[in-house]
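Enquirer: Chain A is already provided as a structure; the job is to place chain B on it using the hints.
Chains as they are written, first to last, in my numbering: chain A, 1 to 114; chain B, 1001 to 1112.
No wet-lab data here; the hints were simulated from the structure.
All values derive from a computational prediction rather than experimental measurement.
One should not assume that every hint holds.
The calculated label-pair distances, taken between Cβ atoms and stated as ranges, are [to be verified]: (1) F1045/B x T53/A: 19 to 27 Å; (2) I1109/B x P61/A: 29 to 37 Å; (3) K57/A x L1009/B: 25 to 33 Å; (4) T14/A x S1062/B: 45 to 53 Å; (5) T1044/B x N59/A: 34 to 42 Å; (6) R63/A x P1112/B: 41 to 49 Å; (7) R110/A x T1044/B: 31 to 39 Å; (8) S22/A x L1009/B: 26 to 34 Å; (9) V1012/B x K57/A: 31 to 39 Å; (10) R63/A x E1001/B: 38 to 46 Å; (11) I1109/B x G62/A: 18 to 26 Å.
Think of the CB as a built atom: it goes at the ideal place given N, C-alpha and C, for glycine as much as any other residue.
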Amino acid sequence: KAGVTQTPRYLIKTRGQQVTLSCSPISGHRSVSWYQQTPGQGLQFLFEYFSETQRNKGNFPGRFSGRQFSNSRSEMNVSTLELGDSALYLCASSLGLAGQGEQFFGPGTRLTVL
Amino acid sequence: EDKVVQSPLSLVVHEGDTVTLNCSYEVTNFRSLLWYKQEKKAPTFLFMLTSSGIEKKSGRLSSILDKKELSSILNITATQTGDSAIYLCAALRGGGADGLTFGKGTHLIIQP
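Same shape as in the complex, but just chain A (with noise of 0.2 Å):
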């Protein structure tokens, strides 16, 4: 079985740009998660699909949103990106709702904001 898959894997962008990154999650999972990654604040969470529908949302900006797709791949956008938004981003699925059980996660999209 193919686990998470994330593209791209290394994003270079400039501040006020704008980015997406994509989430495929394993077959038959329903629920995608987005967390970022810093050194500083850890692995935050950001938001969490389900069934194309955003359940759940972290404490980030308007410029993060996501969206789902019906095949459960997931993308991430970030608009007018700053220097602070250079992170790993990951993604994780599972079979149901985050946290209910076991959640796989991908090798992440390290993006870099000049």
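Expert: Just chain B now, with coordinates in the frame of chain A:
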């Protein structure tokens, strides 16, 4: 605001030692606590604990939740160099606003 605090932040021990990692939480409508191991990139799931006082065990790793003390510990016995990683704990809240709050992790280094 939900909070998860892990200690120590980093730990260096020798192979064969036993280590105990700590996690305390303050989470509204607490539902469960999860432990992950992160090597290089993607965290991998270790345990999910929902009931107080019941130990979960997997090989040399074990974990227990204390709901009275709002804390959990992760024990690793007979450590090996392959146990070197960042260990993350996360608390899940319920009540219609599910979401995981992660601690900053304990960076464990096992020296040969």
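Enquirer: Decide, hint by hint, whether the structure agrees.
Expert: Tested hints:
At roughly 24 Å, the beta carbons of F1045/B and T53/A sit within the given window of 19 to 27 Å. The beta-carbon spacing between I1109/B and P61/A, approximately 36 Å, falls within the hinted interval of 29 to 37 Å. Between K57/A and L1009/B, the C-beta spacing of about 28 Å keeps the proposed range 25 to 33 Å intact. Between T14/A and S1062/B the Cβ separation comes to about 48 Å, which falls inside the hinted range of 45 to 53 Å.
Between T1044/B and N59/A the beta carbons are some 26 Å apart, a value that contradicts the proposed interval 34 to 42 Å. At roughly 46 Å, the beta-carbon separation of R63/A and P1112/B lies within the given 41 to 49 Å, and the hint holds. One distance hint, 31 to 39 Å for the beta-carbon pair R110/A and T1044/B, is violated here, with the actual separation near 19 Å. Between S22/A and L1009/B the CB atoms are about 33 Å apart, so this pair conforms to the stated range of 26 to 34 Å.
Separation of V1012/B from K57/A is about 38 Å and conforms to the stated range, judged on CB atoms against 31 to 39 Å. For R63/A paired with E1001/B, a C-beta distance near 21 Å fails the hint of 38 to 46 Å. Here the CB-CB span from I1109/B to G62/A is close to 40 Å, at odds with the stated 18 to 26 Å.
Hints 5, 7, 10 and 11 from the list above are not met by this structure, while the remaining hints are.
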